[in-house]
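Enquirer: In order, the protein sequence lines correspond to chains A and B. Going by this note's numbering, the first sequence opens with residue 6, and the numbers climb by one from there. Going by this note's numbering, the second sequence opens with residue 13, and the numbers climb by one from there.
Hints were generated in silico from the structure; no laboratory data involved. In this text the structure is predicted, and so the values were computed from the model without any measurement. Heads up, a few of these hints could be off.
[To be verified] Which chain B residues stay away from chain A? Per the calculated CB distances, all over 10 Å, these: (1) Y44; (2) F66; (3) L170; (4) V223; (5) F230.
[As the list claims (entries may be wrong)] Simulated pairs of lysine to aspartate or glutamate, EDC-like, Cα-Cα distance not exceeding 20 Å: (6) A:K319 x A:E303; (7) B:K40 x A:E88; (8) A:K195 x B:E314.
[Claimed, not checked] Some chain B residues close to chain A (C-beta under 10 Å, calculated; not the full set): (9) V77; (10) W79; (11) I155; (12) S275.
Where a beta carbon is used, it is the ideal one built from N, C-alpha and C, also for glycine.
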Amino acid sequence: MRKGKLSRSARNNIRGWLCEVPWLIGFVVFTLYPIANTMKMSFDSVVISATGLVTSPVGIENYRKAFLGDVTFPKLLLSYVGEIVLQVPIVIVFSIIVALILSKEIKGKGIFRTLFFLPVIIISGPIIQKFIDMGMMAIQGADSNTIIMNVMEMLPDTAGGLLQTLLDSFVMTLWFSGVQILLLLSAVQKVDRPMYEAAHIDGASNWECFWKITLPNLRNMIAICIIYTIVTISTFDTNKVITAIRDNMFQVSLGLGYASAQAWVYFVVLLLVIGFFMLLYGPRKEAIYGNTKAAKLELKRARKLKKAQERNLKKLYRESRRYRE
Amino acid sequence: MKKAGVRKSIHRTLKVPSRQGAVRLGGKVFLYAFLCVTGFVFLYPLLKMISMSFMTADDLVNPLVSWVPYGFETANFSRAMQVLGYWQTLWTTIYVSVLPAILQTLVCALTGYGIARYKFKGKNLLFGLILATFIIPTQITMIPQFLMYKNLGILYSLKAYLLPAVFGQGMRSAIFVLIFVLFFQQMPVSLTEAAEIDGANQIVIFMRIAVPVAKPGFLISFLLSMVWYWNETYLGSLYFGASIKTLPMKLENFVEAFNKLVSASAADTGATANEAIQMAGTFLIILPLLIVYFCLQKQFIEGIEKTGITGE
Chain A
6 MRKGKLSRSA RNNIRGWLCE VPWLIGFVVF TLYPIANTMK MSFDSVVISA
56 TGLVTSPVGI ENYRKAFLGD VTFPKLLLSY VGEIVLQVPI VIVFSIIVAL
106 ILSKEIKGKG IFRTLFFLPV IIISGPIIQK FIDMGMMAIQ GADSNTIIMN
156 VMEMLPDTAG GLLQTLLDSF VMTLWFSGVQ ILLLLSAVQK VDRPMYEAAH
206 IDGASNWECF WKITLPNLRN MIAICIIYTI VTISTFDTNK VITAIRDNMF
256 QVSLGLGYAS AQAWVYFVVL LLVIGFFMLL YGPRKEAIYG NTKAAKLELK
306 RARKLKKAQE RNLKKLYRES RRYRE
Chain B
13 MKKAGVRKSI HRTLKVPSRQ GAVRLGGKVF LYAFLCVTGF VFLYPLLKMI
63 SMSFMTADDL VNPLVSWVPY GFETANFSRA MQVLGYWQTL WTTIYVSVLP
113 AILQTLVCAL TGYGIARYKF KGKNLLFGLI LATFIIPTQI TMIPQFLMYK
163 NLGILYSLKA YLLPAVFGQG MRSAIFVLIF VLFFQQMPVS LTEAAEIDGA
213 NQIVIFMRIA VPVAKPGFLI SFLLSMVWYW NETYLGSLYF GASIKTLPMK
263 LENFVEAFNK LVSASAADTG ATANEAIQMA GTFLIILPLL IVYFCLQKQF
313 IEGIEKTGIT GE
């Protein structure tokens, strides 16, 4: 309007990018550059000395040390992967169950929602550590339960240890599900009611409805929740891998280079874990319509139609502009 | 009115044949039982903490006492307060969490506004990038950041939190950008267009129309951001070292601090940091968060739910 020279879309281009400037600067300076720098340092030996940083290239030595020289690091990584593979399904299944129950007409719904979200507010490393140390996060009575004990003895050492940590911090695992419950609850409430009614009229039971309607409708949200769960558990303070990385930063014999290599290994493992779960239960565009061939074809046709319509509209718009000019 | 009633009754007959009534009731009882049990499991650590924090040293070892102690020992709290340096530390914790939260909220609001409101080239790519940063663990950026802050001379001060927050790289900022995008997208386009025609410039539109529309978004972002900064100890202990200690950080070496305090004063010899005092300390640290949560729980929950409804 005021600047008659620039078109509306060009102005929006400028304004849009202007809004993103702080974030972009921050992204380059505080995320992109550090990631690259960590990569570079992981191939160096970097030691903090009185005069400053002493850097000397060592090739893949740091990575070799992480896997072959370090006794604890591969073990920590392995137990981290084992724990997360067990914890994520627990969190997700629990969240789905609670979300489904809370979506029903239940008295005191608000109270329960408040209660299940509460851990999100107070969860922090030292406090959880205190609770775990005092045995408050364990399933009560699990230690004296002979069945569990017998099963534990039959399992090999690593698996038994894994189960033990899981039992010791079971409540903590549930505590990670606050946000997911609310997200899934809103997704459940968004599912079309008439769909259920139609299914009921056709004689579907509630059980069938859950598997054929609810779950496919929730699929994308569940995928989001899986990623959220993995990331929050992986970056939580009590995670032994990340505390090991931080502690190694200040060990003169190992130095920052070694910690960087560990950080990169950890990042790759995290990505692999996310990739694994996404392969297992990733988001699907066609989730709602089922995965049949006919449905896919239908969707393709709809998309083509939409594109053609858009093209026509654009043409019309262009012509009308030419006409105006 | 009558029509609606008829329709309802048809519904009922279709959906619930009467012989299933008993099953439904049983199901409902089961649901309530499930909720109550899981609710108890959720609260168990907290309830146990509250109960233990009032116990005397005798109650702790007495096998007859499991939940309700014989006497309410409030001395635990005064001890824990002394060890934590409570009021001083509380004040530190508040500004360590509130200041970065304010900055982060404002910058994420601007970033989210740009994405929600303007159509520009590369927008979807940028939005994808912003969301993708969520999965980048801090471990991979913290070492160069640590060195950077050291060179800038802002290590061991609050600026180490503030600087990344100003540039939208604070804790979990991707979530906040997402929240703002969703909230600003709800703003009707006709509203801004009308304002534009009336001659309002972009800044006025942002301040006078967009911000009021997204007020709940601001609130939830600020609260979540504050809570997450409050509870952060991993980065805090790296960037602040010993110079700034928040409440959760002090809990980490509560026992050592207690012993130091005891050995310093001759009158207390023989006292140990038993579980009761540790739990009293934990309770004191959680208490401010609990108060905030119970005053504003509606905003917390509605904010997250709204994100879920409009999100995906």
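Enquirer: None of the hints should be skipped; say for each whether it holds.
Expert: Verification of the supplied hints:
1. Y44: Since the minimum Cβ distance to chain A is about 7 Å, B:Y44 lies within 10 Å and the statement is violated.
2. F66: B:F66 is indeed farther than 10 Å from all Cβ atoms of chain A, at 15 Å.
3. L170: Holds, because the least Cβ-Cβ distance between B:L170 and chain A comes to about 16 Å, which exceeds 10 Å.
4. V223: Given a closest Cβ separation of 14 Å, the condition holds.
5. F230: 16 Å, holds
6. A:K319 x A:E303: 24 Å, violated
7. B:K40 x A:E88: Violated, at roughly 34 Å.
8. A:K195 x B:E314: Distance ~15 Å between A:K195 and B:E314 Cα, so the pair holds.
9. V77: 15 Å, violated
10. W79: Violated, because the Cβ-Cβ distance from B:W79 to chain A comes to roughly 13 Å (cut-off 10 Å).
11. I155: 6 Å, holds
12. S275: Since the shortest Cβ distance to chain A is 22 Å, the answer is violated.
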